[in-house]
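All chains should be built: construct the whole structure from the sequences, respecting the hints.
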Amino acid sequence: MKRIILAGCLILATVFASVAQETFPRNDVRDERVEAYALINGTVVVDYQTTIANATLLIKEGKVVQVGAGITIPKGYIIIDLKGNYVYPSIIDPFTNYGLPTEKHKRGKSPWSNAEQIQTTTKGAFNSNQAIKAEYSAASKFSVDAKTAKSLRAQGFGAVLTYRADGLARGTGALVTLSTDRANEVLLNEHATANYSFTKGSSTQLYPISTMGFIAVLRQTYLDANWYKAQSPRPFKDISLEHWILSQSLPQVFDANSWLNALRADKLGDEFGVQYIIKGGGDEYQRINEIKATGAQFIIPINYPKAYEVDDPFEAKDVSLAKMKHWELAPTNPGVLAANGVSFAFTAKGLKSAKDYLPNVRKAIENGLSEQAALKAMTYTPAAMLNATNQLGGLQKGKIANFIITSKPIFEKKSSILENWVQGTRYEFKPLEKVDFEGKYNLAVGSTQFKLEVSGKAGHQSAKIVINDTTNIKLKSKFGEDLVEFNYSPQEVEGLVRLSGWTTDNGWEGKGQLVDGSWINWTATKTGDLDPKEEKEKDKKEEEKPALGEMIYPFVAHGNIEVPKTETVLLKNATLWTNETEGILEQTDILLMNGKISKIGKNLSASGAKVIDATGKHVTSGIIDEHSHIGASSINDIATNSGMVRIGDVLNPTDYNIYNALAGGVTAIQILHGSANPIGGQSALIKLRWGASPEEMKIKGADGYIKFALGENVKRSRNSNSIRFPQTRMGVEQVYMDAFSSAVEYGKKWSSYNGLSRKAKVGALAPRRDLAMETMLEIINKERFISCHSYVQSEINMLMKVADQFDFKVNTFTHILEGYKVADKMKAHGVGASTFSDWWAYKWEVRYAIPYNAAIMHNAGVIVAINSDDAEMGRRLNQEAAKSVKYGGMSQEDAWKMVTLNPAKLLHLDTRMGSLKVGKDADVVVWSNNPLSVYTKVETTIIDGVIYFDAQKDADMDQWIEKERARLIQKMKATKKGGGKMQKSHGMIPKSFHCDDLTVDLNTLNQ
Amino acid sequence: MKNFLYTFILVFSASAVMAQLPQPAEPQPNAILLKGGIAHLGNGKVIQNSLIGFDEGKITLVGDATRSKIDVAGYTVIDITGQHVYPGFILPNSSLGLEEVSAVRATRDANETGQLKPHIRSLVAYNTDSKIPPTLRYNGILVAETTPMGGRISGTSSVMNLEGWNWEDAVLKADVGVHMSWPSKMGGHFDFSTFTWIREPNKKYDSQVEELVSFFDDAKSYLESSSKERNLKMEAMTGLFDGSKILYIRANSAKEIVQAVRFGQEKGVQKIVILAGTEALDAASFLAENKIPVILPNVHSLPSSDEVVELPYELAGLLTKAGVTIALSHNGMLARARNLPFYAGTAAAYGLGKEEAVQAITLNAAKVLGIDSEVGSLEEGKRATLFVSKGDALDMMTNNLTHAYIDGKTIQLEGEQQALYKQYSDKYAND
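Residue numbers (this note's numbering), protein chains in the order written: chain R, 760 to 1766; chain X, 246 to 676.
Source of the hints: derived by calculation from the structure; they are not laboratory data.
It should be emphasised that the depicted structure is a prediction, and the values quoted were computed from it without experimental measurement.
No more than 27 Å apart at the CA atoms, straight line, and that leaves these computed lysine-lysine pairs for DSS-like:
(1) R:Lys1285 <-> R:Lys1223
(2) R:Lys1065 <-> X:Lys448
(3) R:Lys1568 <-> X:Lys672
(4) R:Lys1065 <-> R:Lys1735
(5) X:Lys430 <-> R:Lys1732
(6) X:Lys449 <-> R:Lys1743
(7) X:Lys566 <-> X:Lys290
(8) R:Lys1712 <-> R:Lys1076
(9) R:Lys1459 <-> R:Lys1664
(10) R:Lys1156 <-> R:Lys819
(11) X:Lys448 <-> R:Lys1732
(12) R:Lys1743 <-> X:Lys448
(13) X:Lys430 <-> R:Lys1076
The structure is reproduced here in structure tokens:
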């Protein structure tokens, strides 16, 4: 049935094409022509897996009529001889903005210093979020752009998908050919794709500002669309949602632009049963297993980075190892994808010019991609992605006559594109046939005989007279298909001999004038082929595969070539800080097995265990940082209630601060959302498994947490133009009262719906799912726990009172610098504290912060942790804990618990972590000294029995990094010498996040 | 009535706290002898069982109690057996006294507008009543340089005792040096999409250097010229050429360090100090040969992605081994400058050695500030600016001051933070 429909469509399309012409007014007599061509004698690559030598390709009215060997040419066909040439289906680019108007958007205003735009400013009945532009149709704005079409055709492109890169939902893309006919002719599919991204484009609306916000908006839009769709009549009109709903059946293309975002997009799609086609970043090889597991098809750019200028060793320091390695390995990306069975299409997106497309595909082939896979990625796969294999991607009967003619097999370096046919229209660049005169000739000029040799590529040939082995006379020559001219200086006299003539069966003949002006006849008769050149050296060179560096996980300095595995480790004769009733045990062994603490005792042994002599060393459980912002791509979104955003959506396992933290004995962290909003986003609890994928970093089965924030940050105190509610601590309370009371109402609606019988449900409309409200309800239902950024006592007290009204407990106050003033109330409420050791005076609300805070709260019976909120401090939390021995006279063991057992308790992980106890996770640190001492060093950090940091290995790694950098620098210098393109070594210095950081994607506002 | 009551309580509680505020001290009334302490002299030497005497604000005795008998008559003896005694720690290059709450504009006085402003003097804005100095003293920091910030030439700094009724009282040495930032060869912009600082060559580099060249040339010409109209900017520069002021130059790369030093030398600047971080390693031999000391930023900082993870910790040790004189300092949140001793502790653990680490925040700091004839070590004749700690003052666990003296004056260590500690500990104890 489906096939019939397809076939029907095809016929309709064909008929429609000619009818369409008819509808336009004429300004001449009718001039419809036959437009039938027979291309003969060429090598026709029908599709990426079928090649026919000496083939005939019949084209009529823009379509392939027949292709094959030994076909009889019907009458009326214009014959074109392609002897020696090659025919390929033309290239399809599934990711362009061809023919769309270039729009300049105003730069969105920074929310740091401007009044926030809370509502969308799009005029009309469109979506409530300005970045949802699903109503946009590329086809409706498309017009033929002859100039661009010409340049693309010259590079072998025949059809492209064009869409507008603006917004999170970007509307539909159109499939068009690159013919310069009327738009009516070239538009193949008005709605070929629906496009999405993680950039808000021209939206000037405040929310969202971060990738996690982008994800949250898209999730909510999926839910809203389903809810909206279920209602008839609609509850209100939302044109964006209408189009969103309509376009769901199209191929869904997501512009992810990096492997990290590719995984995020795929996860988003999985939630709603959508398999995106993902536009990648060219770095997929860095996480190929996870990329493969997405099951997605990819659109892959081939804009490999240029080599860096590294002549100056000081300036070369600005180029990170990761950048250097990516320069080397980027061309292997297509090969790696193919080897792993990932289906992908190429795009020229990101290239400076489409001229780089074929050379870069060839580079991918040099780096391991098969020619067949390359051709597939250029033709078939993009057609298949766009549901257009009935029209494009091959040259089988009935398909559109979109093909290119090349002088040599397309992947040979010297191959050039001679012609590009689009919808049967012929666009010529170079003459098809160039007569090849190469060979040895006997040249007779009057009575004088010479040996003549013609060499070079057909069309670019030159001739010389060979006197002997070392002496030649060069001829100035013009070769034509029929005519020829030679000029040369004879040895005997000064002046030129000038010959002109015409081709014969085996050479030329003609007339000419000698130096003295006398006329003579001349002939050149072919005597044989040129002697074969010695090409051995060249062959050898080509055989040499480029030597490539190793992959590292993660793909930054200090990444591992091999991801470390769980080991059985026996630490002997250590001083164990158990954090249990046993206290500190001297000269005791601890055995780690299967990722758990297996035994603690004296004289332990275990077969096959890696034994570490820890005599004189201190062994503790790993440090847990209750408040961290490392390991994530963004930290803050900015809706007053941002409960729908999730840090877990944007983990970044390549953050080198993870390694720094490991080197400081940290094993687990809570990545908290920032403090821009009274209700922040959901946290992620991770272990610092360096080299793992984002999902592998997460602590399985951990409770859900959420960030709340009070005070100056949520009042937007540093932005004097801010208008966002709330602007006062009074308003902050009302935000909570509103959120929780709304959530109660929301919960009631759902309970009554869920309480309906199955029958009744069929007729009833399910309430709208609201992600923020769901989160609030989780808090009330004690399924999600609050860690609240807080400073002054009034607000601390306030939040506890709000929680009391809704019958739940605040789990943790973080920062809590005036906690010492309400420690008794905190104890009574049952809330924990996670504080700084000695921060104060950096803003107004912390002028009464004192370093005794931790000790006072601890003494009042509150569970107290010391946290970092800072990548630097996060790697020496042991020192921060030690400050409570100084400020407040805390015992060493209690101080130590503030960075281990107590944060484990606050994170409800204390049954698994936080102390040295048999059965707990083998998250263990070996210290050179008392862990609280300023003089101590981390020697080994173990997570789940895996050694992730080892001081000796670290030193080796530093040497390896130097060597690897040196190797790559030499390689780049060689590239420069070889005339390769270079770029200046501009450094990128990643900044570490703090609570207050707004990670606004301002650059993409202009995209 | 009720209002009255509240007012009463408010006033009462406020005055309760006020009473705990540290008062400026009285001049040293009598000679004091600290007996039996482990003396870290600040010059790398230690006396395990020491006698440290001072009178009328000056150190009068530094001796070894186990050696031949020393006449201690006339001293009031304080037995500090088993405790440690150090010269007062010195914090260079800070905005202490110029900034109270960094997020509140009204409390910021460190950054005057303009680019070339050597005439801007921190001394006159130094707030002796700032709440921050007492928290630094509590950890052993007794002297600090108060420094104008921002611009190409930020202004002229002074060195303050962290004690006194007003800035005239507190000043240890006025107008010690001019602070300048060498133009950066690399500029850049912040990319929010990747949250990274993108470095690009600074196209204005040459013109920015040229601006400095002419400014210094003009200053020298002003100094030498006999008839001139008074020019406050030029006047503020003259001390650089006769050695009465130090030129502090912040530089961001090895090349800039070399160029900055060469520039200063060519212009006839007598004393140059460089402010730099790990970049100084690449120019270490140059700095050592030219005898240019370096003030380092926070030891507690992060390496860049390809660097050795511990490099910020190791930096002080590596430069010292290369023959460069270094002093430690603090940047970032001013209130955390009280961690200076622990920066030294970390540097000690990572290759500097303990006494060298002490020296980095005492004698070396005094040298870079040009006050080493007055403070920075426990030597007879120097100012009696020193303190006693129960334990190792470089370790946060054991840094615990029992006595502190500035110019022999007994310093009250407990401040508002200690008062609040006591107030709330008492509240819960009584509950």
